[in-house]
Amino acid sequence: MKLVPLNDKVVLKQLEAEETTKSGIVLPGQAQEKPQQAEVVAVGPGGVVDGKEITMQVKAGDKVIYQKYAGTNVKLDGEEYIIVKESDIIAVVED
Amino acid sequence: MKLVPLNDKVVLKQLEAEETTKSGIVLPGQAQEKPQQAEVVAVGPGGVVDGKEITMQVKAGDKVIYQKYAGTNVKLDGEEYIIVKESDIIAVVED
Amino acid sequence: MKLVPLNDKVVLKQLEAEETTKSGIVLPGQAQEKPQQAEVVAVGPGGVVDGKEITMQVKAGDKVIYQKYAGTNVKLDGEEYIIVKESDIIAVVED
Amino acid sequence: MKLVPLNDKVVLKQLEAEETTKSGIVLPGQAQEKPQQAEVVAVGPGGVVDGKEITMQVKAGDKVIYQKYAGTNVKLDGEEYIIVKESDIIAVVED
Amino acid sequence: MKLVPLNDKVVLKQLEAEETTKSGIVLPGQAQEKPQQAEVVAVGPGGVVDGKEITMQVKAGDKVIYQKYAGTNVKLDGEEYIIVKESDIIAVVED
Amino acid sequence: MKLVPLNDKVVLKQLEAEETTKSGIVLPGQAQEKPQQAEVVAVGPGGVVDGKEITMQVKAGDKVIYQKYAGTNVKLDGEEYIIVKESDIIAVVED
Amino acid sequence: MKLVPLNDKVVLKQLEAEETTKSGIVLPGQAQEKPQQAEVVAVGPGGVVDGKEITMQVKAGDKVIYQKYAGTNVKLDGEEYIIVKESDIIAVVED
Chain A
16 MKLVPLNDKV VLKQLEAEET TKSGIVLPGQ AQEKPQQAEV VAVGPGGVVD
66 GKEITMQVKA GDKVIYQKYA GTNVKLDGEE YIIVKESDII AVVED
Chain B
16 MKLVPLNDKV VLKQLEAEET TKSGIVLPGQ AQEKPQQAEV VAVGPGGVVD
66 GKEITMQVKA GDKVIYQKYA GTNVKLDGEE YIIVKESDII AVVED
Chain C
16 MKLVPLNDKV VLKQLEAEET TKSGIVLPGQ AQEKPQQAEV VAVGPGGVVD
66 GKEITMQVKA GDKVIYQKYA GTNVKLDGEE YIIVKESDII AVVED
Chain D
16 MKLVPLNDKV VLKQLEAEET TKSGIVLPGQ AQEKPQQAEV VAVGPGGVVD
66 GKEITMQVKA GDKVIYQKYA GTNVKLDGEE YIIVKESDII AVVED
Chain E
16 MKLVPLNDKV VLKQLEAEET TKSGIVLPGQ AQEKPQQAEV VAVGPGGVVD
66 GKEITMQVKA GDKVIYQKYA GTNVKLDGEE YIIVKESDII AVVED
Chain F
16 MKLVPLNDKV VLKQLEAEET TKSGIVLPGQ AQEKPQQAEV VAVGPGGVVD
66 GKEITMQVKA GDKVIYQKYA GTNVKLDGEE YIIVKESDII AVVED
Chain G
16 MKLVPLNDKV VLKQLEAEET TKSGIVLPGQ AQEKPQQAEV VAVGPGGVVD
66 GKEITMQVKA GDKVIYQKYA GTNVKLDGEE YIIVKESDII AVVED
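Residue numbers (my numbering), protein chains in the order written: chain A, 16 to 110; chain B, 16 to 110; chain C, 16 to 110; chain D, 16 to 110; chain E, 16 to 110; chain F, 16 to 110; chain G, 16 to 110.
Keep in mind that the hints were calculated from the coordinates and are not lab data.
The structure presented is a predicted model; accordingly, all values stated were derived computationally and were not measured.
Hints are not guaranteed to be accurate.
[As the list claims (entries may be wrong)] Label-pair ranges, simulated between beta-carbon atoms:
(1) A:88 / C:65: 51 to 59 Å
(2) E:84 / G:17: 22 to 30 Å
(3) F:67 / G:87: 36 to 44 Å
(4) E:110 / C:28: 12 to 20 Å
(5) F:93 / D:16: 42 to 50 Å
(6) F:90 / A:93: 17 to 25 Å
(7) E:83 / F:67: 46 to 54 Å
(8) B:109 / E:84: 49 to 57 Å
(9) A:60 / D:88: 48 to 56 Å
(10) D:66 / C:76: 36 to 44 Å
(11) F:31 / A:70: 49 to 57 Å
(12) A:63 / G:61: 52 to 60 Å
[As the list claims (entries may be wrong)] Covered stretches of chain G, going by a simulated chain A footprint (3 or more residues, C-beta under 8 Å):
(13) 20-26
(14) 85-94
The beta-carbon is built from N, C-alpha and C at its ideal position, and this holds for glycine as well.
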């Protein structure tokens with residue numbers, strides 16, 4: 016069972032303290048300070064959305080920064096996801 | 016008697032506890048936590064809506080996630096439906 | 016004496032309890048629960064409205080569902096009408 | 016001395032109780048219930064307004080229904096007029 | 016020293032009681048009831064403004080009606096002017 | 016060190032009492048009544064801004080009137096500047 | 016590890032008191048008065064964003080003035096960044 020985003024939507028999963036430590040971004044004690052970092056789980060097809068051509072610029076596995084207060088929280092099979100528009104993702108975090 | 020949605024409108028039916036259990040998405044006791052999951056009942060024709068070309072991307076029978084607070088509630092023959100715009104549907108739930 | 020809607024406007028008449036029973040949609044006692052069901056009385060010509068091409072998709076006699084809080088109430092010759100934009104009509108009710 | 020509306024503007028004159036009776040629309044005692052019925056006094060030339068082509072669809076002498084709260088009230092030579100945009104006129108009342 | 020309006024801007028001068036009497040529009044005692052009547056002092060060149068082609072439809076000397084609450088008040092050499100957009104002028108008053 | 020405005024931005028410097036007297040616009044005692052008069056210090060290149068072609072219509076040295084509450088105040092090397100969009104400048108003051 | 020901005024986004028780093036002194040812009044004691052001056056750290060690719068062609072006009076290393084209240088604050092590896100849209104940058108500070 017999985018979430019397949021439509022149009023310009025992107026499914027994200029909040030990075031948890033353990034994962035962010037593993038990736039070296041933050042110390043565990045600071046995890047609550049970074050609520051906008053997430054991992055891309057699935058990416059919509061893009062195309063013409065609301066009359067504008069959208070090319071998706073992130074891919075599954077990317078670590079991203081997204082706009083505060085953006086998106087819809089969804090729980091599926093006990094996991095929490097955030098679904099945002101591609102334009103709510105403002106940067107990719109590269110190693 | 017049935018609802019025929021116009022333009023980019025989609026008729027949804029809220030998934031009830033029994034149905035969601037059957038589909039394996041949630042345990043009955045958690046049904047009240049997922050108010051945005053619904054099944055597509057009927058899909059408008061799309062086309063040019065508000066000056067923009069809209070291609071409908073869901074079909075009757077799809078399980079979908081839709082935007083909180085979107086849509087109009089309608090009761091017909093004792094059944095409750097939600098009519099939303101296609102752009103208020105953000106993801107399809109696939110098995 | 017009659018109302019001739021302009022542009023993308025549609026003249027509606029609220030379905031009353033008797034009529035809705037006759038059409039089989041609702042039991043009389045439930046009439047107050049369906050304030051958004053109405054019958055189309057007259058349809059504007061469509062065409063270019065606010066810079067966008069609008070094709071009218073309902074016709075006089077259609078039973079329709081329209082957006083809550085949409086439209087302007089008008090009384091003419093003792094009858095009450097609601098004038099809405101075509102885009103405020105979200106679905107047609109077919110038998 | 017007269018008001019010449021610009022662009023998509025239309026000059027209206029509220030129908031008074033006497034006039035509405037004469038036209039048969041309402042009984043004098045109900046005049047205060049119909050504040051949106053007016054007679055067209057003058058019509059702007061239309062054309063490209065705010066980047067959109069507007070074709071004026073009413074003419075002087077038409078009885079019209081206009082949007083509540085729309086328009087600007089103007090007094091000239093002791094007469095009260097309402098100047099609205101053509102898109103604030105939603106229907107023509109025909110005999 | 017003079018005000019040269021840019022783009023779709025128009026410089027207006029409020030008609031004072033004496034002037035409006037002279038033009039026959041109002042009696043002096045009613046001057047405070049007509050705050051939206053003004054004389055055009057200078058007219059911007061029009062052209063493409065905010066991506067739309069604007070053709071100026073008033074000229075210096077015109078008596079006009081403008082939208083309430085529109086415009087910017089400016090004092091220059093002891094004179095008060097109102098600078099409005101052309102679209103805030105809704106009608107010309109002709110003799 | 017200087018401010019180079021981007022796109023459709025214009026750097027302004029508020030006219031102080033001494034300067035406005037010198038140019039003959041106002042008496043020193045009235046300086047606090049004219050907060051929207053300023054001198055253009057630098058002008059952005061214009062071009063396509065937010066999808067629209069903008070041609071800059073003021074130049075360094077122009078005395079201008081700008082919209083109240085528009086712009087961003089910046090202090091550089093002890094001098095105060097206001098940076099506004101070209102569309103916030105409504106008129107040029109010519110001698 | 017670094018931030019790679021998408022679309023029309025720009026990663027900025029607030030100029031601290033020491034740095035601004037070094038560049039000669041401000042005296043250390045005045046640092047708290049200039050919260051909108053920052054150095055460009057990384058620049059998105061531009062291109063078609065929200066249906067409009069955006070050409071990025073700043074480059075890494077530029078000292079810029081940006082709109083108050085614009086942008087998203089991000090902390091990465093103990094450093095604070097501000098991510099803004101290119102249109103929120105209003106001027107470049109040149110030496």
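Now the hints, each set against the structure:
Against the hinted window of 51 to 59 Å, the Cβ-Cβ separation of residue 88 (chain A) and residue 65 (chain C) comes to about 35 Å, which falls outside the hint. Range check, residue 84 (chain E) to residue 17 (chain G): Cβ separation about 50 Å, and the 22 to 30 Å hint is violated. About 26 Å separates the C-beta atoms of residue 67 (chain F) and residue 87 (chain G), a value inconsistent with the hinted range of 36 to 44 Å. Separated by about 47 Å at the C-beta atoms, residue 110 (chain E) and residue 28 (chain C) break the suggested range of 12 to 20 Å.
A C-beta distance of roughly 58 Å is found between residue 93 (chain F) and residue 16 (chain D), which places it outside the suggested range of 42 to 50 Å. Between residue 90 (chain F) and residue 93 (chain A) the Cβ separation comes to about 54 Å, which falls outside the hinted range of 17 to 25 Å. In this structure the supplied range 46 to 54 Å is violated for residue 83 (chain E) paired with residue 67 (chain F), their Cβ-Cβ distance being about 28 Å. Between residue 109 (chain B) and residue 84 (chain E) the Cβ separation comes to about 54 Å, which falls inside the hinted range of 49 to 57 Å.
Checking the proposed 48 to 56 Å range against residue 60 (chain A) and residue 88 (chain D) shows it holds: the Cβ atoms sit about 52 Å from each other. At roughly 37 Å, the beta-carbon separation of residue 66 (chain D) and residue 76 (chain C) lies within the given 36 to 44 Å, and the hint holds. Roughly 51 Å separates the CB atoms of residue 31 (chain F) and residue 70 (chain A), a value that falls within the hinted 49 to 57 Å. With their beta carbons about 20 Å apart, residue 63 (chain A) and residue 61 (chain G) fall outside the hinted range of 52 to 60 Å.
Taking a C-beta to C-beta cut-off of 8 Å, the stretch 20-26 of chain G contributes 5 residues in contact with chain A, enough for the three needed, and the coverage statement holds. Interface restraint, the stretch 85-94 of chain G with chain A: holds (5 residues with C-beta to C-beta distance below 8 Å; minimum three).
Comparing the model with each numbered hint stated earlier shows that hints 1, 2, 3, 4, 5, 6, 7 and 12 do not hold.
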